[in-house]
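**Student:** Sequence:
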Amino acid sequence: MAGSSVSVNDLGRQAYQKILFKDYPSAIEILNKAIRLYPREKELYNNRSLCYYHLQNYNLALQDSQYLYVNYPTYIKSLFQLCVLIYFQSSAGLPIPVRQLPHLRKVPVSSCAKQVCHQVISRGRKFVSRGSQSNA
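Heads up: the sequence shown at position 121 corresponds to 121 in our numbering, and the numbers run straight through without jumps.
Hints are computed from structural coordinates only; laboratory data are not their basis. Among these hints, one or two may not hold up.
What the hints assert, rightly or not - Below, a list of computed lysine-lysine pairs in the DSS-like style, where the Cα atoms sit at most 27 Å apart:
hint, residue 1, residue 2
1, K18, K77
2, K33, K22
3, K33, K77
Note that the structure is predicted; figures quoted are calculated from it, not measured.
Using the sequences and the hints, build the whole thing.
**Tutor:** Below, the structure written as structure tokens:
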């Protein structure tokens with residue numbers, strides 16, 4: 001980005017150092033700055049999602065993963081992160097935002113991603129339907 005004194009690589013390295021020491025709030029601060037300066041750098045969103053995950057802020061982690069999957073459907077890390085988050089939520093008995101599931105209907109490009117996506121959607125739907133039945 002023209003006029004920016006700090007490169008995306010510098011900011012990425014700074015955030016990575018914070019992540020290594022499990023200083024996730026500081027890493028998120030750096031990643032937020034980096035995203036404001038370089039909004040098209042998908043790795044920044046992926047790393048911020050990971051930080052939110054470690055802070056147990058699953059909704060924000062899902063938002064970043066969802067953004068990546070919708071805007072960069074061939075970026076396999078985004079599909080993996082999204083599937084991990086949805087799988088974790090269903091395994092832990094946490095609610096899954098139902099609106100997350102339809103976005104996973106986009107056809108992933110690799111056969112492995114297709115299989116993981118199918119398994120996560122099936123598990124998520126079963127979990128959502130179990131929750132609906134217990135609330136009835």
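**Student:** So, for every hint listed, does it hold in this structure?
**Tutor:** So, going through the hints one by one against the coordinates:
1. K18 - K77: Distance ~20 Å between K18 and K77 Cα, so the pair holds.
2. K33 - K22: 19 Å, holds
3. K33 - K77: Holds: K33 and K77 sit about 22 Å apart, inside 27 Å.
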